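Given the structure of chain L, go ahead and fit chain U onto it with the hints provided.
Listed in order, the protein sequences are those of chains L and U.
Take 1 as the starting number for the first sequence in this note's numbering and just add one per residue.
Take 1 as the starting number for the second sequence in this note's numbering and just add one per residue.
Wrong hints could be hidden among the right ones.
As the list claims (entries may be wrong) - Looking from chain L toward chain U, a few residues come up when the C-beta cut is under 10 Å (computed):
| # | residue |
| --- | --- |
| 1 | Lys49 |
| 2 | Ile52 |
| 3 | Tyr86 |
| 4 | Leu93 |
| 5 | Phe94 |
| 6 | Arg108 |
| 7 | Ala155 |
What the hints assert, rightly or not - Result set (SDA-like, lysine to any residue): computed pairs, CA atoms no more than 25 Å apart in a straight line:
| # | chain 1 | residue 1 | chain 2 | residue 2 |
| --- | --- | --- | --- | --- |
| 8 | U | Lys54 | L | Thr79 |
| 9 | L | Lys49 | U | Asp145 |
| 10 | U | Lys54 | L | Leu107 |
| 11 | U | Lys54 | L | Arg136 |
| 12 | L | Lys49 | U | His245 |
| 13 | U | Lys248 | L | Phe94 |
| 14 | U | Lys58 | L | Arg137 |
| 15 | L | Lys49 | U | Ser244 |
| 16 | U | Lys58 | L | Glu109 |
| 17 | L | Lys73 | U | Val155 |
| 18 | U | Lys49 | L | Ser96 |
| 19 | U | Lys248 | L | Asp95 |
| 20 | L | Lys49 | L | Ile28 |
| 21 | L | Lys49 | U | Ile137 |
| 22 | U | Lys49 | L | Met115 |
| 23 | L | Lys56 | U | Ile41 |
It is worth saying that the hints were derived from the structure and are not from the lab.
Just so we're clear, the structure is a prediction, and the values are computed from it rather than from any experiment.
Where a beta carbon is used, it is the ideal one built from N, C-alpha and C, also for glycine.
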Amino acid sequence: METPLIEFRNVSKRFGDRNVLENVDLRIYEGQVTTIVGLSGSGKSVLLKHIIGLLKPDEGTILFRGRPVSTMKREEIETVLGRISYMFQDNALFDSLTVQENIALPLRETTNLDMAEIDRRVMARIEQTELGEAARRYPSELSGGMQKRVALARALVTDPRIVLFDEPTSGQDPLRRNAILGMIAQYQRRLGFTAILVSHEIPDVFFISNRILVLYERRIAFQGSYRELEDFDHPLKDEVIGSMEGLQDEMADLYSRRQFKVLHHAHSQGRTGWEPYSVVVFALKGIGSIVASFGDAAAQEAIRGMALFAMKRFGAVGGFSARRNVDELVSVLPFAGQAEAESLLKGFVLDIQARGIPEIFAGARGAKVAGGSVEVTVLAGVAQGEADEEIDSVIDAARSRQMEIARLRCDGGGNQ
Amino acid sequence: MRRWSRKGEAERRLGAFVSGPFAAFGRSAIRWIADSGAAVIFFLLASLKIFRPKQFSKIVQQVYSIGARSSPIILLVGLFTGMVLGLQMSSALVRFGAQGYLGSIVALSLVRELGPVLAAIMITARAGSAITAEIGIQRISEQVDALATMRIDPVRYLVSPRLAAAIISFPVLTALFDLIGIVGGYVSGVMIMGANSGTYVFRVQSSLELEDIVHGFIKAVVFAVVVSTVCCFQGYFAHMRADSHGAKAVGLSTTSAVVLSCVLILLSDYIVTSFLI
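Bound-form chain L, shown alone (with noise of 0.2 Å):
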């Protein structure tokens, strides 16, 4: 069995004769998102606060790569703290200093780097986090979003093993929550780091968890994957997850996955037992590309146009979508056959191919980056499910036939 990158084992905290946690047990694995949900005041940002060392247990332990950090010496629990990164909730920007001095902060102190060096990388986190106008400016003259995007950039500046995010996206508009949760995803997977984020933006981050730890109580009620959470039973499902999601995805009318999985379940509800329904596939292939040319943004609302498209065509005939994945669509077609949803689609095809491109490259056309080139595929995948079939396996289906749909160059300039 995988040894945990780092482990709690019943660990306690008191603020005076308040219990903030309470033999908490947890394992984060190392390359991985590791998501700690829970209600405002609950701990989790004290949990976090414990891993990066600002605070000890009152009791417990935690370990590291299974060794005690109480039995740790001074320069190895140094060196364990110097491969960690802390991005703060309220941002914890040096509001004498600039932008570009913030993030600059760890490198000039903490490094022999020359000033050509610290500048360069500096000036690349300030381009990939989209502050290259706010470089010379001061937090203070910044809108919250913005301030964010600093403390992400001096967070990722110094290349860290592992990233504590406490609530990274809070007081975004959902346009900026979603592209700062892809941009944590992008460079997770780019960099390799491991991440840990504190956040409330469900299901928004589950897309881009591996893990999801729930404090209920002073305690880690679960630990394990998103599907798993869906098939888990306790009292903190209905408290905890339910208080946190919205009734609908704000950025597409989407439905969450739980609340897609209930919406489906009540039409299966009414089904009579000989009738069948179908699911569509859609995934957005080379994502990357918008991203690396365009920025976050830009892909996210690349992804927003095609949900919305598949909302205005499968809405119609009753159908409903969720976001299953950073760049995966499920919609559900309740009344229709393979068949007939293979007629559905290729519909949606010609009309993608007619009208729909256009709505999803709206955000890149608009993106301020001209002269760059990206190739995009639509692919999408039918699979028809009898009543009394478990979801998820004729998802699963639906996606192992998936096939391309759509493929469209667009320029910086918006040329398609």
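Below, chain U without anything else, positioned relative to chain L:
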């Protein structure tokens, strides 16, 4: 039985009434001793970290902030202090026919005592309060924690440069205060009250010895350590105040820093003077 329990309760209340003030005094004394010990450790840590790499530019920046930007107020206060001394001493010495000693009295009182003390109090009011407020705000807005998470030692980054800058700036500003004070004494004593110009300058030169100037600088360095340690300490631990939180804690810490610094300047002045004389 009931009478006995009533009697016991009354005795307990009387005991609490009598011992209450002593207990409160004891708690305050223990807290004061603990805080003093913490401040001494804080100072020792900060002074050791002055000599770490990457400190030079930060020290220069703080010398500008604490030293250069305090010079106008030092010049102003020094000038008027010297002028008041010139006026008071001139009118008093005339009664004894000793107006010729005006230069000596002005120079010695400024260089030995008034210069270091008043300069330190003025720097506390201007720069010390700013130090506490700045570090306090950085503390409550988690900027200090952010430094720790970036493996930047907050004491090295925030406190050591200010301590070093204070040790550099206080003697220089004291010298500036002394100089402009002597000029002020000349303006009021010679130009307004009519004392002899040559005698004033001669008495200033002849009465001042190197020892007087060195003693003044020693006091200035002691005050620099006291003021910078107290002001940084109050700001650094603003979040741990028991009586308030957030912005109010920063405000109260700033007030405490200024008051405590001024009291400690006068206290340490007496102690240092008693050793030097």
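Hints and how they fare:
Evaluation of the L/Lys49 hint against chain U yields a held restraint, the C-beta minimum of about 8 Å falling below 10 Å. The interface hint given for L/Ile52 is met, as the beta carbon of that residue sits about 5 Å from the closest beta carbon of chain U, less than 10 Å. Interface hint status for L/Tyr86: upheld, as the beta-carbon distance to the closest one in chain U is roughly 4 Å, under 10 Å. Of the supplied interface hints, the one on L/Leu93 holds, with its beta-carbon coming within about 8 Å of a beta-carbon of chain U, less than 10 Å.
Annotation: L/Phe94 was flagged as interfacial toward chain U, and the flag holds, the nearest CB pair being 6 Å apart, inside 10 Å. Satisfaction of the interface hint for L/Arg108 is found here, the shortest Cβ-Cβ separation to chain U being roughly 7 Å, below the 10 Å cut-off. The criterion of a C-beta within 10 Å of any C-beta in chain U is met by L/Ala155, whose closest approach is roughly 9 Å, and the hint holds. Using a Cα cut-off of 25 Å, the hinted pair U/Lys54 and L/Thr79 holds, with the two alpha carbons roughly 20 Å apart.
This hinted pair checks out: L/Lys49 and U/Asp145 have alpha carbons roughly 10 Å apart, not beyond 25 Å. For the hint pairing U/Lys54 with L/Leu107, the CA-to-CA distance comes to about 12 Å; that is within 25 Å, so the pair holds. Distance restraint check for U/Lys54 and L/Arg136: the Cα-Cα separation of roughly 23 Å lies within the 25 Å cut-off, and the hinted pair is therefore satisfied. Of the pairs offered as hints, the one joining L/Lys49 and U/His245 holds, with about 20 Å between alpha carbons and a cut-off of 25 Å not exceeded.
Restraint check for U/Lys248 and L/Phe94: the C-alpha separation of about 20 Å stays at or below 25 Å, so the hint holds. This hinted pair checks out: U/Lys58 and L/Arg137 have alpha carbons roughly 21 Å apart, not beyond 25 Å. Of the supplied pair hints, the one linking L/Lys49 and U/Ser244 holds, its CA atoms being roughly 23 Å apart against a limit of 25 Å. For the hint pairing U/Lys58 with L/Glu109, the CA-to-CA distance comes to about 11 Å; that is within 25 Å, so the pair holds.
Taking the CA atoms of L/Lys73 and U/Val155, the gap is about 22 Å. The hint holds against a cut of 25 Å. Note on U/Lys49 and L/Ser96: the hinted pairing holds, with a Cα-Cα distance of about 23 Å set against a maximum of 25 Å. For the suggested pair U/Lys248 and L/Asp95, the alpha carbons sit about 19 Å apart, so the restraint of at most 25 Å is met. This hinted pair checks out: L/Lys49 and L/Ile28 have alpha carbons roughly 15 Å apart, not beyond 25 Å.
Straight-line distance between C-alpha atoms of L/Lys49 and U/Ile137 comes to about 20 Å, which keeps the hinted pair within the 25 Å bound. Between U/Lys49 and L/Met115, the direct Cα distance comes to roughly 23 Å. Compliance with the 25 Å bound is thereby established for this hinted pair. Between L/Lys56 and U/Ile41 the alpha-carbon distance is near 21 Å, which keeps this suggested pair within the 25 Å criterion.
Hint compliance for this structure: no hint is broken.
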